[in-house]
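Assemble the complex: chain L is given as a structure, and chain C must be docked to it using the hints.
The chain contents come next:
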Amino acid sequence: MAALRDVYITATGAFLPGPVVSNDRMEAHLGLVGGRASSVGKRALKWNGIEGRHYALSAEGAVEHSNAGMCAAALGRALDDAGLAPSDLQFLAAATTQGDYLVPGHASAVHGELGGGPMELASFQSVCASALMAAKAAWLNVRAGEADRAAACAGEFSSRWFRPQFYEDSALIDAKGRLAMEADFLRFTLSDGAGAVLMEPSPRKGGVNLKVEWIDLVSLADRFDPCMWAGSTAEARADMTSGWSHAGARASHQAGAIALLQDFTLLKRVIRAWIGVWMQKVDEGRIAPDAVDHLLCHYSARSLREEIVEVLRSTRAMIPEEKWFTTLPESGNVGAASIWIMLDAFVRSGRVKPGEKILCIVPESGRAMVGFMMLEAV
Amino acid sequence: MDARADKPDPAADAVAEVLRKLAVVWAAFEGRLDTTPLIRRLDRGQLSREGYLAFLCDLRQQVKDGALWMSRAAASISEEHLELRSKLMRHAVTEHRDFRLLEADYVKAGGDLETIRKGRKNVGSEALSAWMFHEAGKPNPFGLLGAMFIIEGLGSIKAQEWGRRVKETLGLPDEAVRFLLYHGENDVEHMQEFEAMLRLVLPDEAVAERIVRCAEVTARLYVLQIEEIAV
Chain L
1 MAALRDVYIT
11 ATGAFLPGPV
21 VSNDRMEAHL
31 GLVGGRASSV
41 GKRALKWNGI
51 EGRHYALSAE
61 GAVEHSNAGM
71 CAAALGRALD
81 DAGLAPSDLQ
91 FLAAATTQGD
101 YLVPGHASAV
111 HGELGGGPME
121 LASFQSVCAS
131 ALMAAKAAWL
141 NVRAGEADRA
151 AACAGEFSSR
161 WFRPQFYEDS
171 ALIDAKGRLA
181 MEADFLRFTL
191 SDGAGAVLME
201 PSPRKGGVNL
211 KVEWIDLVSL
221 ADRFDPCMWA
231 GSTAEARADM
241 TSGWSHAGAR
251 ASHQAGAIAL
261 LQDFTLLKRV
271 IRAWIGVWMQ
281 KVDEGRIAPD
291 AVDHLLCHYS
301 ARSLREEIVE
311 VLRSTRAMIP
321 EEKWFTTLPE
331 SGNVGAASIW
341 IMLDAFVRSG
351 RVKPGEKILC
361 IVPESGRAMV
371 GFMMLEAV
Chain C
1001 MDARADKPDP
1011 AADAVAEVLR
1021 KLAVVWAAFE
1031 GRLDTTPLIR
1041 RLDRGQLSRE
1051 GYLAFLCDLR
1061 QQVKDGALWM
1071 SRAAASISEE
1081 HLELRSKLMR
1091 HAVTEHRDFR
1101 LLEADYVKAG
1111 GDLETIRKGR
1121 KNVGSEALSA
1131 WMFHEAGKPN
1141 PFGLLGAMFI
1151 IEGLGSIKAQ
1161 EWGRRVKETL
1171 GLPDEAVRFL
1181 LYHGENDVEH
1191 MQEFEAMLRL
1201 VLPDEAVAER
1211 IVRCAEVTAR
1221 LYVLQIEEIA
1231 V
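Chains as they are written, first to last, in the working numbering: chain L, 1 to 378; chain C, 1001 to 1231.
FYI, nobody ran anything at the bench for these hints, they're computed from the structure. Among these hints, one or two may not hold up.
As the list claims (entries may be wrong) - If you only want the chain C side, here are some residues facing chain L, beta carbon under 10 angstroms, derived:
| id | residue |
| --- | --- |
| 1 | L1019 |
| 2 | W1026 |
| 3 | H1183 |
| 4 | V1188 |
| 5 | E1195 |
Claimed, not checked - Straight-line alpha carbon distances no greater than 30 angstroms define the calculated DSSO-like cross-link-like pairs of lysine-lysine that follow:
| id | chain 1 | residue 1 | chain 2 | residue 2 |
| --- | --- | --- | --- | --- |
| 6 | C | K1118 | C | K1158 |
| 7 | L | K353 | L | K323 |
| 8 | C | K1167 | L | K42 |
| 9 | C | K1064 | C | K1167 |
| 10 | C | K1087 | C | K1138 |
| 11 | L | K205 | L | K357 |
| 12 | L | K323 | C | K1007 |
| 13 | L | K357 | C | K1007 |
| 14 | C | K1158 | C | K1064 |
| 15 | L | K46 | L | K211 |
| 16 | C | K1158 | L | K42 |
| 17 | L | K42 | L | K268 |
| 18 | L | K205 | L | K323 |
| 19 | L | K176 | C | K1167 |
| 20 | C | K1087 | C | K1158 |
| 21 | L | K353 | L | K268 |
| 22 | C | K1087 | C | K1007 |
| 23 | C | K1138 | C | K1121 |
| 24 | L | K46 | C | K1158 |
| 25 | L | K268 | C | K1158 |
| 26 | L | K176 | L | K42 |
| 27 | C | K1167 | C | K1121 |
| 28 | C | K1108 | C | K1158 |
| 29 | C | K1167 | L | K268 |
To be verified - Some chain L residues well away from chain C (every beta-carbon gap over 12 angstroms; in silico):
| id | residue |
| --- | --- |
| 30 | E60 |
| 31 | L186 |
| 32 | G231 |
| 33 | A273 |
| 34 | A317 |
| 35 | A345 |
| 36 | A377 |
Source: prediction; values computed, not measured. Even for Gly, the Cβ is constructed at its ideal location relative to N, Cα and C.
Chain L on its own, in the form it takes in the complex (with noise of 0.2 angstroms):
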């Protein structure tokens, strides 16, 4: 059997839509949910930490991207920095944690976009681990011999969803016509945009090269209901009987199914148990805090509860917050993208230094998953 080979990301690009839309005038950009302020916005602006986002929806709610469109041109800005073209990839990964269509996956309509002639498809859906789902795939098809060129790209849209139409004529809105807090809180920290990466078996001269030695993916589905979903209420949602396909879409609009929602208390205990993989991860010797360099999380340090923080340092698992790279305040929280984004920011920055090591974390709360992935600058 021929032996594995080494594969480095040579290229990285991201795409966010439009102009900054800063937090004074996001609520007026999305729409006013039954004509009023909501009431959840600041103290979640305040808990997530953002400060601007981008939308592909202009303020007049013009969709002016789509979803897969955004994903071809984080992917061109990858493929022009390395002076390649479509036409180069053999594999291509794309993510995202709800695509244009329900039907059929999001890498087709990415490769629509996209064009490069024939080539070999995966579409991941989940939320943002799915990019680390994606980047798997391209890393082992590389790794294993099947392709010389893969790329791997995540993209969201997800200020369709935070339209006053999307909540409007549903359970959501109480009889006062406040919207449900599961769905509100969302509102005010998801935007949209896309990234890309391409991956090769040898590094590219001149440019900035990542080694993956790594990816590692964990789900804790088995043990908790739905955290963040779509599809199912707040109450029916363990039942997977429930799901909008089965009741139809219309009724479950009205039930308030059709709606990214959710849930704060849960979140709580998923937060633990993110943390309880990263302990195990620290204990068994696969991530030694000390040796990594740089820390790219797909969440704010900020965010962490007190006792949280405490724990890491006491168990001496804690990363310093001056190793933190991040564009959380500027890009927004862009789902699965935002890895991508953060990373291509990082690799601009000019702050890698060969020998480095960047460890990428990307939880995901949707049904409770982690992913890590260990790069080395070379």
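Then chain C, alone, in the frame of chain L:
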């Protein structure tokens, strides 16, 4: 983290390592606990009043023993470790009447005092209690710090969450949920106190291993106790 830049501190190294292993045990424990039929129902807002009464009744039989095994453990600690002995004795005093609170909650929630007082331990509670007393009778039973980590963690991390959920689901007043609600918040001080206790017995490789093992066994038997509650 910063401590390491200074002079070597083997006690601090050992404490951090044990705490990390305990955190891993805790995470697995919480995952297993959350998938028991009782806790699944509680989390999903489907717990009935009968389910809550059964929960209190079964907990009471084991909670009653909590301060007793702690006292026995204190009695098994030699005079070289007087400080730890004092801590355990104080701890036992604070907790030894907790089962009365459970009884009062039970009655407020509509249960009969005689029923909870005459209740017997379920199979899991029998195993948990027997294990604690057995371990507590050994000379210098420092492994029980691991058991304390699990039991205290239930109080500081899970109890309030459960209490609030019970209140919401069943529409009960605070006076019927005091045992779950009154437990302290999962605060930083709590964890630092536990860290200080570990420092009294570490570094010691055999003790470190025993603490983690005791946490594993206690966690498994606690889950067994919850699994055994009929809902």
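Hint check:
1. L1019: At about 5 angstroms, which falls below the 10 angstroms cut-off, the nearest Cβ of chain L leaves the hint on C:L1019 intact, so it holds.
2. W1026: Status holds, d = 7 angstroms.
3. H1183: 14 angstroms, violated
4. V1188: 5 angstroms, holds
5. E1195: 6 angstroms, holds
6. C:K1118 to C:K1158: 27 angstroms, holds
7. L:K353 to L:K323: Distance of about 14 angstroms is within 30 angstroms: holds.
8. C:K1167 to L:K42: Judged against 30 angstroms, a Cα distance of about 28 angstroms means the pair holds.
9. C:K1064 to C:K1167: 24 angstroms, holds
10. C:K1087 to C:K1138: Within the cut-off at roughly 18 angstroms; holds.
11. L:K205 to L:K357: Satisfied, since the Cα-Cα distance of roughly 20 angstroms is no more than 30 angstroms.
12. L:K323 to C:K1007: Holds, at roughly 23 angstroms.
13. L:K357 to C:K1007: 26 angstroms, holds
14. C:K1158 to C:K1064: The hint holds at about 19 angstroms.
15. L:K46 to L:K211: 36 angstroms, violated
16. C:K1158 to L:K42: Holds. C:K1158 to L:K42 sits at ~29 angstroms (cutoff 30 angstroms).
17. L:K42 to L:K268: The hint holds at about 20 angstroms.
18. L:K205 to L:K323: 27 angstroms, holds
19. L:K176 to C:K1167: Measuring from Cα to Cα gives roughly 25 angstroms; hence the hint holds.
20. C:K1087 to C:K1158: Holds, because 23 angstroms separates the two Cα atoms, which is no more than 30 angstroms.
21. L:K353 to L:K268: Given pair L:K353, L:K268 is violated - Cα atoms ~36 angstroms apart, limit 30 angstroms.
22. C:K1087 to C:K1007: It holds: about 29 angstroms lies between the C-alpha atoms, which stays within 30 angstroms.
23. C:K1138 to C:K1121: 24 angstroms, holds
24. L:K46 to C:K1158: Judged against 30 angstroms, a Cα distance of about 27 angstroms means the pair holds.
25. L:K268 to C:K1158: 11 angstroms, holds
26. L:K176 to L:K42: Answer holds: L:K176 to L:K42 is near 20 angstroms, not above 30 angstroms.
27. C:K1167 to C:K1121: Holds: C:K1167 and C:K1121 sit about 25 angstroms apart, inside 30 angstroms.
28. C:K1108 to C:K1158: 22 angstroms, holds
29. C:K1167 to L:K268: Holds: C:K1167 and L:K268 sit about 19 angstroms apart, inside 30 angstroms.
30. E60: 41 angstroms, holds
31. L186: 21 angstroms, holds
32. G231: 17 angstroms, holds
33. A273: The assertion about L:A273 is violated, with a minimum of 6 angstroms to chain C.
34. A317: Per Cβ check, L:A317 is inside 12 angstroms of chain C; nearest 6 angstroms; violated.
35. A345: Nearest chain C Cβ is 26 angstroms from L:A345, so the label holds.
36. A377: With a cut-off of 12 angstroms, L:A377 remains clear of chain C, as the shortest Cβ separation is near 23 angstroms.
Going down the numbered hints, you'll see the structure goes against 3, 15, 21, 33, 34, while the others check out.
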